[in-house]
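Keeping their order, the protein sequence lines are chains Y and V. No gaps in the numbering here: position 33 of the first sequence is 33 in this note's numbering, and each next residue is one more. No gaps in the numbering here: position 271 of the second sequence is 271 in this note's numbering, and each next residue is one more.
One should not assume that every hint holds.
For each label pair, taking beta carbons as the anchor points, the in silico distance ranges come out as [what the hints assert, rightly or not]:
# : chain 1 : residue 1 : chain 2 : residue 2 : range
1 : V       : K299      : Y       : E226      : 22 to 30 Å
2 : Y       : K87       : V       : F48       : 39 to 47 Å
3 : V       : D235      : Y       : E180      : 51 to 59 Å
4 : V       : K223      : Y       : G241      : 52 to 60 Å
Below, a list of computed lysine-lysine pairs in the DSSO-like style, where the Cα atoms sit at most 30 Å apart [claimed, not checked]:
# : chain 1 : residue 1 : chain 2 : residue 2
5 : V       : K3        : Y       : K370
6 : V       : K152      : Y       : K341
7 : Y       : K152      : Y       : K228
Bear in mind the hints are in silico, worked out from the structure with no lab data behind them. It should be emphasised that the depicted structure is a prediction, and the values quoted were computed from it without experimental measurement. Note that the Cβ used here is the ideal one computed from N, Cα and C, for glycine as well.
2 protein chains.
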Amino acid sequence: MYKALPSIGLLGGGQLGRMLLQAAIDLDIKVSCLDPDAEAPCHELAHFFKEGSFQDYDAVYQFGRHFDVISIEIEHVNIEALEQLEKEGKQVFPQPHILRMIQDKRLQKQFFQDHGFPTAAFVLTENQADIAKHADFLPAFHKLGKGGYDGKGVQRIDSLADQTKGFNAPGLLEKAVGFEKELAVIVARNEQGQISAFPAVEMVFHPEHNLVDFLFSPAAISKEIEAKAEKIAVDLIDKMGLVGVLAVEMFLTPAGEILINEVAPRPHNSGHQTIRGNETSQYEQHLRAIAGLPLGSTKAKGVSGMLNLLGEAGFSGLAKYEGLHEALAIPGVYPFLYGKKMTKPFRKMGHVTILGNTKEEIIEKSEQVKSLIRVIS
Amino acid sequence: MYKALPSIGLLGGGQLGRMLLQAAIDLDIKVSCLDPDAEAPCHELAHFFKEGSFQDYDAVYQFGRHFDVISIEIEHVNIEALEQLEKEGKQVFPQPHILRMIQDKRLQKQFFQDHGFPTAAFVLTENQADIAKHADFLPAFHKLGKGGYDGKGVQRIDSLADQTKGFNAPGLLEKAVGFEKELAVIVARNEQGQISAFPAVEMVFHPEHNLVDFLFSPAAISKEIEAKAEKIAVDLIDKMGLVGVLAVEMFLTPAGEILINEVAPRPHNSGHQTIRGNETSQYEQHLRAIAGLPLGSTKAKGVSGMLNLLGEAGFSGLAKYEGLHEALAIPGVYPFLYGKKMTKPFRKMGHVTILGNTKEEIIEKSEQVKSLIRVIS
Chain Y
1 MYKALPSIGL LGGGQLGRML LQAAIDLDIK VSCLDPDAEA PCHELAHFFK EGSFQDYDAV
61 YQFGRHFDVI SIEIEHVNIE ALEQLEKEGK QVFPQPHILR MIQDKRLQKQ FFQDHGFPTA
121 AFVLTENQAD IAKHADFLPA FHKLGKGGYD GKGVQRIDSL ADQTKGFNAP GLLEKAVGFE
181 KELAVIVARN EQGQISAFPA VEMVFHPEHN LVDFLFSPAA ISKEIEAKAE KIAVDLIDKM
241 GLVGVLAVEM FLTPAGEILI NEVAPRPHNS GHQTIRGNET SQYEQHLRAI AGLPLGSTKA
301 KGVSGMLNLL GEAGFSGLAK YEGLHEALAI PGVYPFLYGK KMTKPFRKMG HVTILGNTKE
361 EIIEKSEQVK SLIRVIS
Chain V
1 MYKALPSIGL LGGGQLGRML LQAAIDLDIK VSCLDPDAEA PCHELAHFFK EGSFQDYDAV
61 YQFGRHFDVI SIEIEHVNIE ALEQLEKEGK QVFPQPHILR MIQDKRLQKQ FFQDHGFPTA
121 AFVLTENQAD IAKHADFLPA FHKLGKGGYD GKGVQRIDSL ADQTKGFNAP GLLEKAVGFE
181 KELAVIVARN EQGQISAFPA VEMVFHPEHN LVDFLFSPAA ISKEIEAKAE KIAVDLIDKM
241 GLVGVLAVEM FLTPAGEILI NEVAPRPHNS GHQTIRGNET SQYEQHLRAI AGLPLGSTKA
301 KGVSGMLNLL GEAGFSGLAK YEGLHEALAI PGVYPFLYGK KMTKPFRKMG HVTILGNTKE
361 EIIEKSEQVK SLIRVIS
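Start from the sequences and build out the full structure, keeping to the hints where you can.
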């Protein structure tokens with residue numbers, strides 16, 4: 001049977017887009033990007049690169065009109081334009097109504113609650129002052145409803161003394177839960193309803209800037225917990241009816257309970273290692289899902305790890321990668337640079353995937369890599 | 001230690017270049033291409049794409065001046081320009097004097113002989129008439145000295161009745177040897193002299209058009225033969241002092257002897273499956289070698305196979321890929337399309353990598369894929 005592959009218009013041209021473009025080369029799928037930064041990581045690799053804001057109605061609408069499928073690599077996009085494109089018969093994946101719900105952490109949490117998915121207790125707040133009404137709810141995390149990204153838009157409130165750290169905009173207060181591990185499951189669904197989950201990964205966050213610093217796959221959890229985490233992710237994407245990949249971040253409590261933290265409707269930082277570590281990468285899987293293709297096998301090829309390369313504190317300017325040659329001499333170590341010209345402290349500049357046979361080997365190599373590679377200027 | 005990665009100018013912008021560009025994204029290595037076809041497979045992905053002939057002195061020289069390292073994806077390039085660039089301090093990998101030798105099958109064979117590498121007996125011929133002087137040497141293959149490519153420039157001469165099939169230009173007559181298998185070993189060497197070989201693959205040629213049709217890795221040979229094949233490839237690249245990858249095609253005779261057939265100083269058709277099947281691909285390895293980086297691990301992740309996708313006989317025009325959706329539903333099946341707009345009979349349009357646990361599984365899946373995918377118009 002012959003069926004043409006669709007052209008794809010992608011909102012955003014950052015590193016997630018870059019890895020998607022790299023995967024799209026295999027099937028010669030033409031992916032074009034809209035991004036406000038003329039030197040975004042995708043600008044040279046996109047089939048067509050349009051400089052413009054993905055938050056602007058006209059920019060998104062005019063861009064989207066040229067493609068069969070419109071997708072995203074960042075969720076903070078103009079939904080109204082996507083809804084209009086959908087009305088005019090374009091395929092928009094993930095679907096605009098799902099993006100609208102996920103964009104707002106308040107609606108997201110409400111969705112989990114309404115459909116019986118386990119998540120930490122929360123109350124909605126309209127402004128900073130509202131925090132005082134929920135003193136008995138503390139310690140908690142105050143989360144901005146809209147616009148949070150990469151660890152921004154989240155503040156821990158231990159007591160009312162921290163109230164001024166909260167956001168003076170609609171948000172929510174989420175009860176701080178004790179947890180043993182943070183897990184993530186990336187799951188994909190295509191239009192035909194086929195669903196496939198990647199093995200759960202275990203994330204280790206950087207204490208200071210709240211970005212995933214290191215993770216490994218598969219997570220060091222029991223088969224039972226693994227199955228529970230996978231089932232939650234599969235049920236969630238099924239309930240949403242989302243087409244594309246969905247990253248589901250979760251907490252594992254000491255009692256063995258799994259709580260959904262939050263979700264991202266796109267390839268995710270917690271899935272970079274799937275490029276080398278799994279039979280299909282999250283990027284290829286997203287393409288398969290939105291292009292109406294069968295999903296690929298998510299099987300792990302062994303143990304893998306992923307280490308983010310952040311701009312070194314104290315360095316701003318033209319990026320240089322110290323220690324790359326030395327790191328490349330270690331078997332199973334695969335740096336991936338995002339092609340960003342300028343570095344600044346804690347900017348995500350790249351990542352390193354590490355392959356091996358045991359978790360211990362992965363951790364040891366990751367420590368080696370950490371001591372070797374520095375993003376300086 | 002900080003050492004900048006070089007910019008690379010590549011002569012040729014075909015499918016081998018395309019896979020090299022895809023690999024170069026990982027380390028954000030900027031690769032630019034020179035190709036006479038404005039719509040060559042690399043034209044959208046290259047950092048800079050220059051339309052021009054890689055056989056023309058001026059085109060090559062003017063192009064090459066802009067980069068730190070000049071490399072090739074096809075060996076039929078203008079050597080004089082590369083020699084001039086080398087004289088002016090550019091790094092040209094593989095080195096021009098090696099390219100000069102490999103470009104001419106007569107010099108190539110002479111090199112094998114002079115340095116004691118096993119190869120089938122041969123005599124030089126200056127024209128078609130010369131074949132008659134070597135009637136006792138038949139059956140043999142008449143090979144054109146320069147310009148042969150992809151199975152062209154080779155003719156089997158069983159007896160003098162076939163003489164007119166021979167080439168009326170400088171060439172050689174190579175004694176037809178009985179062989180059990182055709183093998184290929186891809187080996188790489190960097191400037192520091194580090195050498196690393198990929199596991200030997202076993203090739204199955206299409207009887208009609210003399211192109212590799214299917215191969216699998218590792219070859220079904222004894223450890224002893226495997227070691228012998230690897231040693232020949234390693235010794236050969238070492239003796240040449242070549243920087244980059246070298247594909248060494250070999251015959252395995254019924255007596256267990258290995259004879260070098262011919263070599264290609266670049267990523268090769270017999271190494272496509274390394275992208276998915278090995279810890280480092282031949283493309284990444286070539287980049288590492290020419291960019292002064294440590295070589296990567298060539299370890300196989302299991303058994304892999306590779307099937308060429310050729311334009312279906314009877315179809316010429318805008319290419320369409322029938323059966324792609326169905327093939328993608330088979331686990332471990334990874335089609336790779338070269339992005340060529342037009343198909344014609346037997347044109348190389350793509351390939352399919354197949355991963356599995358046993359040779360039998362690979363062969364079975366390859367038969368399935370063969371019956372599913374057709375490149376039509």
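### Message
Given the hint of 39 to 47 Å, is the C-beta distance from Y:K87 to V:F48 inside that range or not?
### Response
At roughly 41 Å between Cβ atoms, V:F48 and Y:K87 fall inside 39 to 47 Å, so the hint holds.
### Task
Can you let me know if the beta-carbon spacing of V:K223 and Y:G241 is within 52 to 60 Å?
54 Å, holds
#### Entry: Pair hint Y:K152 and Y:K228, alpha-carbon separation not exceeding 30 Å
29 Å, holds
### Query
Taking only the CA atoms, is the gap from V:K3 to Y:K370 under or equal to 30 Å?
Distance ~18 Å between V:K3 and Y:K370 Cα, so the pair holds.
### Query
Could one say that the CB atoms of V:K299 and Y:E226 fall in the range 22 to 30 Å?
Holds, since V:K299 and Y:E226 (Cβ atoms, about 27 Å apart) stay within the stated range.
### Query
When you check the alpha-carbon spacing of V:K152 and Y:K341, does it fall within 30 Å?
Answer violated: V:K152 to Y:K341 is near 45 Å, above 30 Å.
### Query
At the C-beta level, are V:D235 and Y:E180 separated by a distance inside 51 to 59 Å?
55 Å, holds
Checked against the numbered hints given earlier, the structure breaks only hint 6 and satisfies all the rest.
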